[in-house]
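The residues making up each chain are set out below.
There are 2 protein chains.
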Amino acid sequence: PRTFVIIGGVAGGMSAATRLRRLDEHARIIVLERGEHVSFANCGLPYHVGGVIESRDALVLQTPQALAARFTLDVRVRTEAVAIDPTERSVRVRDLASGTEESIRYDALVLSPGAAPVRIPIPGVERGLVLRDLADMDAIIAAASTARRAVVAGAGFIGLELAENLRHRGLEVTVVEMLPQVLRPFDVEMAGLVAERIRDAGVELRLSTGLTAIEDGHVVVGDGETIPADLVVLSVGVRPESGLARDAGLELDERGYIVVDEHQRTSDPHIYAVGDAVVKQRFDGPASPVWLAGLANRHGRLAADAIAGTPHAAVPALGTAIIGLFGVTAATVGRTERELRDEGRDIRVIHTHPMDHAGYYPGATQLAIKLIIDAASDRILGAQAVGESGADKRIDVIATAMAGGLTASQLADLELAYAPQFASAKDPVNMLGYVADNLAAGERSVQWHELEALQADGWLLVDVRTEGENAAGAIPGSRLIPLDELREHAESLRGERVIVHCKVGQRGHTAARLLEQYGVTVANLDGGYLTWSAGVAATSPKGAA
Amino acid sequence: PRTFVIIGGVAGGMSAATRLRRLDEHARIIVLERGEHVSFANCGLPYHVGGVIESRDALVLQTPQALAARFTLDVRVRTEAVAIDPTERSVRVRDLASGTEESIRYDALVLSPGAAPVRIPIPGVERGLVLRDLADMDAIIAAASTARRAVVAGAGFIGLELAENLRHRGLEVTVVEMLPQVLRPFDVEMAGLVAERIRDAGVELRLSTGLTAIEDGHVVVGDGETIPADLVVLSVGVRPESGLARDAGLELDERGYIVVDEHQRTSDPHIYAVGDAVVKQRFDGPASPVWLAGLANRHGRLAADAIAGTPHAAVPALGTAIIGLFGVTAATVGRTERELRDEGRDIRVIHTHPMDHAGYYPGATQLAIKLIIDAASDRILGAQAVGESGADKRIDVIATAMAGGLTASQLADLELAYAPQFASAKDPVNMLGYVADNLAAGERSVQWHELEALQADGWLLVDVRTEGENAAGAIPGSRLIPLDELREHAESLRGERVIVHCKVGQRGHTAARLLEQYGVTVANLDGGYLTWSAGVAATSPKGAA
Ligand SMILES: Cc1cc2nc3c(=O)[nH]c(=O)nc-3n(C[C@H](O)[C@H](O)[C@H](O)COP(=O)(O)OP(=O)(O)OC[C@H]3O[C@@H](n4cnc5c(N)ncnc54)[C@H](O)[C@@H]3O)c2cc1C
Ligand SMILES: Cc1cc2nc3c(=O)[nH]c(=O)nc-3n(C[C@H](O)[C@H](O)[C@H](O)COP(=O)(O)OP(=O)(O)OC[C@H]3O[C@@H](n4cnc5c(N)ncnc54)[C@H](O)[C@@H]3O)c2cc1C
Ligand SMILES: CC(C)(COP(=O)(O)OP(=O)(O)OC[C@H]1O[C@@H](n2cnc3c(N)ncnc32)[C@H](O)[C@@H]1OP(=O)(O)O)[C@@H](O)C(=O)NCCC(=O)NCCS
Ligand SMILES: CC(C)(COP(=O)(O)OP(=O)(O)OC[C@H]1O[C@@H](n2cnc3c(N)ncnc32)[C@H](O)[C@@H]1OP(=O)(O)O)[C@@H](O)C(=O)NCCC(=O)NCCS
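Quick mapping for you: the protein sequence lines, in order, are chains H and P. Under our numbering, read the first sequence as residues 487 to 1031, first letter to last. Under our numbering, read the second sequence as residues 487 to 1031, first letter to last.
Hints are not guaranteed to be accurate.
[Claimed, not checked] A few chain P residues that don't get close to chain H, going by computed Cβ distances all over 10 Å: (1) T549; (2) R605; (3) T698; (4) D709; (5) L736; (6) L947.
[Unchecked claim] According to the in silico footprint, chain P covers these stretches of chain H (three or more CB under 8 Å from chain P): (7) 505-514; (8) 806-813; (9) 868-881.
For the record, the hints were derived by calculation from the structure and aren't laboratory data. This one's a predicted model, so the numbers in the text were calculated from it and none came from an experiment. Glycine included, each C-beta is placed from N, C-alpha and C at the ideal position.
Only chain H is shown next, with the shape it has when bound in the complex (with noise of 0.2 Å):
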């Protein structure tokens, strides 16, 4: 029988094994973990920290034990591959509790070694903790239960998950983060809201802000300020577990990430690699490394149909990820337009306020929707949804939207189910699509960001919203016309470039085919008085700060 040495026990890894087994019941399969547990659940992690989830025991979701009974696995923990052979096509294995080393033949290889938490040059840096696997999770909670001030480096995706599972251990929780905003795969303003949420549960969020020494009760801050914890964590980013494949001499890309092709085959014929230590293609734009366990878990499978003669490709990577906290949802997919603005790219963007179903039935609440636009081909380019309910389900749906080839126009025929407690007659996502097709028809929209340059610039801005509304909050320069006079003055505007605003755009929009009809240039503020104050309180010092 042929002998397939799997590298990496947890979600790349061992999805590559269970499936090898199941298409080959003959072949020996021998899967390598240095670490304690396989097969535990990343994902789970900070909310044990919080007691969220309860049982530790509830994250193990398979023992060496249980896959030697069902699926005949040689799995080995506390044993590190050290040293891989491509010529011999052999792997260099040491069992970490007795130290003794052996070699061992494969007829093929699977890389699943995933990436480690990044440990940034600074003095003190070995006080910080990190978070990746149970062992680490065991020592965070060690440290919170006497902490009481945590100072979380980092404001990702698992950064903010601890931020909120320490603050619901009782902790007083700083967030710092390099960047201006938090959650790099949103863009400022849609971020801004998650920001929002973190301060008001009481998180102290530093944005715009590096760390630079851990001390003893403190730490450092950009300018030198001091922040007292007890407790830091590093949660700044990751680096590829790819010495073994460098060693080996397989190809990596100029970030230290292993090259791989659509079936997951490194540069060498037996030697496959998926999961975090992997550089992906990407939906649009350049390959980059995607840290998401559904991706290790496909990947992972398709490796091993590759292995066993059957291969399948795989998809170009959109990059579909999401993070609760504090009651709000933010999720994402694919590009950000900072991205593709910083790329020269033709984009439209558009944002929308719609309640999660329909406003009549109880419990509505209102989600924050993005959309981006390849300008020339209406193709979809990416979406963020930020809100209390339903933004899972919307970002999943133009995902696949995505996948299917979709544009952004035909989001409007979109059958989605409705009743009033699920969605709206036109659900959010076809109202996506209606805009996107007036947009693809010629109709202008103007950016937040875009605004201050246009006033400067001569362009009017109207106001349609009603007189109660404008007196809660203006747009500075703005003039007050409520929607249901506009008529009265069309004329009187015939000739002038004007932008119209209302609360989320959908009045803009009546407006501003009402007055192009009078012979007005028009322009409708996308995403209304909403987007705009997201947009300006995210990017204001104080936003910022």
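Starting from the known structure of chain H, fit chain P with the ligands onto it as the hints suggest.
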């Protein structure tokens, strides 16, 4: 300016009117509505009966006054279109208050008259109430306020929503349904899960039972039995309000629904029609009516686009629909197994029972999902989902995949938003794709309704669950060999024909892969014990009674 007349001022009609105004500021747009209200939330009506939606006003989304102010629409309520003269291009209109009539010439006419509840020809039918508009709702509420016992005839969406809401008000409720199941757009074993909930909630459900008379204080059903009732609601289907269209010589289908092309144009080039009165092209299968608000809204807009000279084609309808009642959600899209088997189509069917989110995160509940696939092409033909949480999301994703032309196996590649509180690393939809991929690759599965015949034909049934699970309930004629002991018995089964089963199909899959490699002819019982039990319960005389 041109004159556009619209008959019917609710979902389809008013969507056409507002869009037309946005496209043509200067047209004369007249909306005729026979009833008291326009733009009301039909879909919310049942929930005001139960007091879930407290305010009656919340159900009226627009008024003629507001529509005049914003859209300069000439909206006439209590005004009926009584005849169309296609040659003259005029509509004869009656003011229902005064009885006066006038003729209005049109450049284009939009029909969105909807469909009216059917009144079955039985003695006492005039004692039965129906639910279509606010007046109907008021009548039901008035009757319910003094009634103790209600009978609802018809276990479709509206009938069941009403049953729930009457129960919610404290009435004793019996639902009487001619078919042997509730909710015709579902297959019987899926509908059975909803039926169970309805019964658990204390509603009496009488399937395969026709209403034969309504008498004072009771109704009479099929066999002459009487059921006490001081409130009777008929919700047994609708008929299209196509009398006007018929009289005008427009083409109707054999059931009386108005025939339109993909731009919603009837057989008269100046007359458009949308909504419940129209027969729709379907994604797969023959044209048919689809009584859904989303399509009425969408097609109303398309009619306006066509009239304004910027036509967009409608896409074939999927018929995505959903109901939530007594804490359970049931959603469906596309065709049912029942219909397709009746047509002799070669299909594959998958049932799964995944958790709506990671089992280790609190609050996970189990879904039942069904996927129906064209065997030759692997195209998705339909799906159904029932569960406490997340059914809407999965059906929306599958509906989107269908719209994008993804195959069933390609569901495995979807990148859906994953964090433990929202989904699993392999989302339930991905898992359907995995199962579909295995079936496409030749793995055999057996449906719950095929099992008995195969057993009779000599296939062995092997239960690969644990002893404990088997003891708690087993399929007649099965032999227990727990999965983890199956290898020891594999050789002894060589050459046999074996059906394996577990609880949901997942361990059965591993068992099937294993046995096949030992020369066993093997099939997996699709959906396992859970689907088999649901199917048997739903079709047993007791379940159907
Ligand atoms: C706290 C946390 C929360 C997360 N939350 C989410 C989430 O909500 N959603 C989501 O999609 N993703 C989430 N992720 C990311 C997800 O867990 C990863 O994308 C996924 O686990 C990657 O799988 P992998 O197989 O590449 O690596 P891993 O799952 O990290 O497994 C790699 C394993 O290889 C072992 N290994 C490495 N080198 C060797 C060697 N030389 N010899 C032997 N063994 C070796 C390591 O010990 C490790 O156990 C989270 C990750 C963490 C840490
Ligand atoms: C109780 C109930 C619950 C529902 N729940 C849902 C749900 O949860 N999800 C969903 O998708 N769909 C639901 N529907 C269906 C949805 O409401 C319809 O599909 C949609 O309203 C159809 O739109 P329409 O414009 O064709 O007809 P309608 O909305 O019925 O409007 C037609 C209007 O035309 C008027 N009319 C007819 N003939 C004339 C005439 N000759 N002159 C003047 N006026 C005329 C009628 O009075 C009527 O008001 C529900 C329907 C009901 C009744
Ligand atoms: C769980 C794990 C061991 C993989 O085991 P697995 O048996 O391959 O995966 P699952 O238990 O999810 O089962 C999937 C298999 O069952 C099949 N299946 C699932 N439901 C089924 C059903 N109802 N009927 C038939 N087959 C079914 C699938 O097709 C798939 O088999 P395939 O790969 O041969 O197509 C591995 O993914 C792991 O270690 N995960 C934990 C770590 C992790 O993922 N961390 C990150 C997230 S927190
Ligand atoms: C509400 C109703 C009057 C239609 O009015 P409408 O103005 O066309 O529709 P909406 O209020 O939903 O607004 C949609 C419009 O706003 C636009 N829009 C929505 N959000 C927007 C945003 N954030 N930015 C820009 N434009 C936006 C859409 O593009 C669309 O305009 P378009 O058709 O020109 O593309 C009609 O559908 C109706 O009567 N509904 C009630 C009856 C009903 O549907 N019953 C069944 C369900 S219970």
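Structure versus earlier hints, numbers of those that do not hold, lowest first: No numbers; nothing is violated.
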